[in-house]
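Participant: Listed below are the residues making up each chain.
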Amino acid sequence: MKLPIYLDYSATTPVDPRVAEKMMQCLTMDGNFGNPASRSHSFGWSADEAVELARKQVADLVNCDPKEIIWTSGATESDNLAIKGAAHFYQKKGKHIITCKTEHKAVLDSCRQLEREGFEVTYLDPETNGLIDLAKLESAMREDTILVSIMHVNNEIGVIQDIDTMAELTRARGIIFHVDAAQSAGKVDIDLANSKVDLMSFSAHKIYGPKGMGALFVRRKPRVRLEAQIHGGGHERGLRSGTLPVHQIVGMGEAFRIAKEEMATENVRFAALRDRLYDGLKDIEETYVNGDMDKRITGNLNISFNYVEGESLIMAIKDLAVSSGSACTSASLEPSYVLRAIGRNDELAHSSIRFTIGRFTTEEEIDYTIKLLHNSIDKLRELSPLWDMFKEGIDLDSVKWAAH
Amino acid sequence: MAYSDKVMDHYENPRNVGTMDKEDKDVGTGMVGAPACGDVMKLQIKVSDDGVIEDAKFKTYGCGSAIASSSLLTEWVKGKTLDEASEIKNSDIAEELALPPVKVHCSVLAEDAIKAAIKDFQDKQ
Chain F
1 MKLPIYLDYS
11 ATTPVDPRVA
21 EKMMQCLTMD
31 GNFGNPASRS
41 HSFGWSADEA
51 VELARKQVAD
61 LVNCDPKEII
71 WTSGATESDN
81 LAIKGAAHFY
91 QKKGKHIITC
101 KTEHKAVLDS
111 CRQLEREGFE
121 VTYLDPETNG
131 LIDLAKLESA
141 MREDTILVSI
151 MHVNNEIGVI
161 QDIDTMAELT
171 RARGIIFHVD
181 AAQSAGKVDI
191 DLANSKVDLM
201 SFSAHKIYGP
211 KGMGALFVRR
221 KPRVRLEAQI
231 HGGGHERGLR
241 SGTLPVHQIV
251 GMGEAFRIAK
261 EEMATENVRF
271 AALRDRLYDG
281 LKDIEETYVN
291 GDMDKRITGN
301 LNISFNYVEG
311 ESLIMAIKDL
321 AVSSGSACTS
331 ASLEPSYVLR
341 AIGRNDELAH
351 SSIRFTIGRF
361 TTEEEIDYTI
371 KLLHNSIDKL
381 RELSPLWDMF
391 KEGIDLDSVK
401 WAAH
Chain L
1001 MAYSDKVMDH
1011 YENPRNVGTM
1021 DKEDKDVGTG
1031 MVGAPACGDV
1041 MKLQIKVSDD
1051 GVIEDAKFKT
1061 YGCGSAIASS
1071 SLLTEWVKGK
1081 TLDEASEIKN
1091 SDIAEELALP
1101 PVKVHCSVLA
1111 EDAIKAAIKD
1121 FQDKQ
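Protein chains in written order, with the numbering used here: chain F, 1 to 404; chain L, 1001 to 1125.
If you're looking for bench data, these hints aren't it; they were derived computationally from the structure. Using N, Cα and C, we set each Cβ at its ideal position, and we do this for glycine too. Take these hints with a grain of salt, some might be off.
[Unchecked claim] So, partial list: chain F residues that the calculated Cβ filter (under 7 Å) puts toward chain L:
no.	residue
1	Glu-309
2	Glu-311
3	Met-315
4	Glu-347
5	Trp-401
[What the hints assert, rightly or not] Here are some chain F residues the structure puts well away from chain L; computed CB gaps all over 10 Å:
no.	residue
6	Ala-11
7	Arg-39
8	Pro-222
9	Gln-229
10	Ala-264
11	Pro-335
[Stated by the list, open to error] Quick list of simulated restraints, FRET-style, between CB atoms:
no.	chain 1	residue 1	chain 2	residue 2	range
12	L	Lys-1006	F	Asp-144	31 to 37 Å
13	F	Ser-398	L	Asp-1123	19 to 25 Å
14	F	Glu-49	L	Lys-1006	29 to 35 Å
15	L	Asp-1021	F	Lys-282	47 to 53 Å
16	L	Gly-1051	F	Lys-101	38 to 44 Å
17	F	Arg-276	L	Glu-1095	25 to 31 Å
18	L	Lys-1006	F	Ser-46	22 to 28 Å
19	L	Asp-1092	F	Ala-271	33 to 39 Å
20	F	Asp-109	L	Asp-1021	39 to 45 Å
21	F	Thr-122	L	Pro-1101	45 to 51 Å
22	L	Lys-1006	F	Pro-17	20 to 26 Å
23	L	Glu-1095	F	Lys-101	38 to 44 Å
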């Protein structure tokens, strides 16, 4: 077993060797390096062919028409294009947008920008399990609501929102519905032909494709209109100009093809590994799972270990590559806004660890992880004055702390 | 976060971890910080009749530099008089441990802890 162990597959994934192989065939003189926009020679034609094959591979995973897929530089750009593009196009109909407090920053900050431009945004509170109450979503919809943006799977706690039912609600009111699916494509079944989602963002590097590559699904029937955010040579039906990065696109296509083929078996394997991990950790006193345990992707486990500070825990388990909701591991010194939004107090947010399991995770690695966590938490609690107080039966909320 | 070797050493082998009887007249206890902020330090000193700190113990909930700052502090205060100990500056701790700027507040907390422990001891006399 090689150390450190990578358990941060929701941050990014390594490129699958099969994907890397395809990508390398699109770079050098003897490869497929042409510009797909070159119409006058075979280099362009064959590059174009590779791009269109990849478009079909991406479309096949989510069951849509390849013509509905627009290439972008990643899910962040897709979110920006979807949200700003739809808001700008439909602003004569209204200027109200609905999203959720636990969305990715690409969505939240796009909405903030629109607020500066005069749009009004409602930020829904999720329930304590991380899921959105559909009745609350429905009651937030107004006459002037033009756009709803909700993520399919949350990046921190892995919970799966019921996007198909949400899409029924938005469609009935003529509201555009955007879904950030960066964390769900290849992990959860997506069937766009039988759903009323209008816009959907995808990322390549979350499912063993290259970084810097993404796509946006833009529904054709009924047609969804967007205002382009990047202008230039009119590529991608004018929605996203810029020479197409063939090797990146081919990589994303291959990654989505593999995902379609292997998703079902991988999910069974991930669920077994995740349950093994959870079973190994749940007997540690004062641990709390963050987010719904059932409506959750198989590869995610987010746990708070009370009375242990997150960064020191990460140091203690430095053989594991995981992420934490602790302020100390972020640039902002704020604890995870996702955990705050689901009602976790600062202490639990500080002591949360996100484990994400992926294609190359083994049972041996999980067993090592369990052992290491037991030892580290024992050691840190031995050091923790809060643990002593808890053991003495002191209610920490009743103590008057000097905040600093 | 890239920590200095000194921080890692204190974090991995913390000195003087433990608890003293806080009711003991010779013991001063300082508890500073807040769980919501991600760090709480408890520092205890045992003071001899001639005003010298003869023992120090700590427990810290916090990041690596908070643990290292308090561990270092217990080493430094042992053998010092109360006056000498109260002169320890957070900048000395930050410098000794080569704390990155974002972690300087951990050394501030350590300074607060020794001041609080001394005050608690003096209040008892």
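Participant: All the hints need checking, so say for each whether the structure fits it.
Facilitator: Checked hints:
1. A cut of 7 Å between beta carbons decides the hint on Glu-309 (chain F): the least distance to chain L is about 5 Å, and the hint holds.
2. Hint status for Glu-311 (chain F) relative to chain L: holds, with the closest Cβ pair at about 4 Å, below 7 Å.
3. Annotation: interface hint on Met-315 (chain F) holds; nearest CB of chain L at approximately 5 Å, less than 7 Å.
4. With 7 Å as the threshold, the beta carbon of Glu-347 (chain F) comes within range of chain L, its nearest partner Cβ sitting at about 4 Å, so the hint holds.
5. Because the smallest distance between the Cβ of Trp-401 (chain F) and any Cβ of chain L comes to about 3 Å, under 7 Å, the interface hint for this residue holds.
6. Here Ala-11 (chain F) stays apart from chain L, with its beta-carbon at least about 16 Å from theirs, past the 10 Å limit.
7. Arg-39 (chain F), annotated as away from the interface, keeps every beta carbon of chain L farther than 10 Å; the closest lies near 51 Å.
8. No Cβ of chain L comes within 10 Å of the Cβ of Pro-222 (chain F); the nearest lies about 49 Å off, and the non-interface call holds.
9. Gln-229 (chain F), annotated as away from the interface, keeps every beta carbon of chain L farther than 10 Å; the closest lies near 34 Å.
10. The beta carbon of Ala-264 (chain F) is kept farther than 10 Å from every beta carbon of chain L, the shortest such distance being approximately 39 Å.
11. For Pro-335 (chain F), the non-interface assignment is contradicted: its Cβ lies about 7 Å from the closest Cβ of chain L, within the 10 Å cut-off.
12. The supplied range of 31 to 37 Å is broken by Lys-1006 (chain L) and Asp-144 (chain F), whose beta-carbon atoms lie about 59 Å from each other.
13. Roughly 22 Å separates the CB atoms of Ser-398 (chain F) and Asp-1123 (chain L), a value that falls within the hinted 19 to 25 Å.
14. Between Glu-49 (chain F) and Lys-1006 (chain L) the beta carbons are some 59 Å apart, a value that contradicts the proposed interval 29 to 35 Å.
15. About 35 Å separates the C-beta atoms of Asp-1021 (chain L) and Lys-282 (chain F), a value inconsistent with the hinted range of 47 to 53 Å.
16. The given range of 38 to 44 Å is broken by Gly-1051 (chain L) and Lys-101 (chain F), whose C-beta atoms sit roughly 54 Å from each other.
17. Evaluation of the 25 to 31 Å hint for Arg-276 (chain F) and Glu-1095 (chain L) yields a failure: the beta carbon distance comes to about 46 Å.
18. The beta-carbon spacing between Lys-1006 (chain L) and Ser-46 (chain F), approximately 59 Å, falls outside the hinted interval of 22 to 28 Å.
19. For Asp-1092 (chain L) paired with Ala-271 (chain F), a C-beta distance near 52 Å fails the hint of 33 to 39 Å.
20. The hint said 39 to 45 Å for the Cβ distance between Asp-109 (chain F) and Asp-1021 (chain L), and at roughly 53 Å that hint is violated.
21. For Thr-122 (chain F) and Pro-1101 (chain L), the Cβ-Cβ distance of about 38 Å falls outside the hinted range of 45 to 51 Å, so the restraint is violated.
22. Distance hint for Lys-1006 (chain L) and Pro-17 (chain F): a CB-CB separation of about 41 Å, inconsistent with the stated range 20 to 26 Å.
23. At roughly 41 Å, the beta-carbon separation of Glu-1095 (chain L) and Lys-101 (chain F) lies within the given 38 to 44 Å, and the hint holds.
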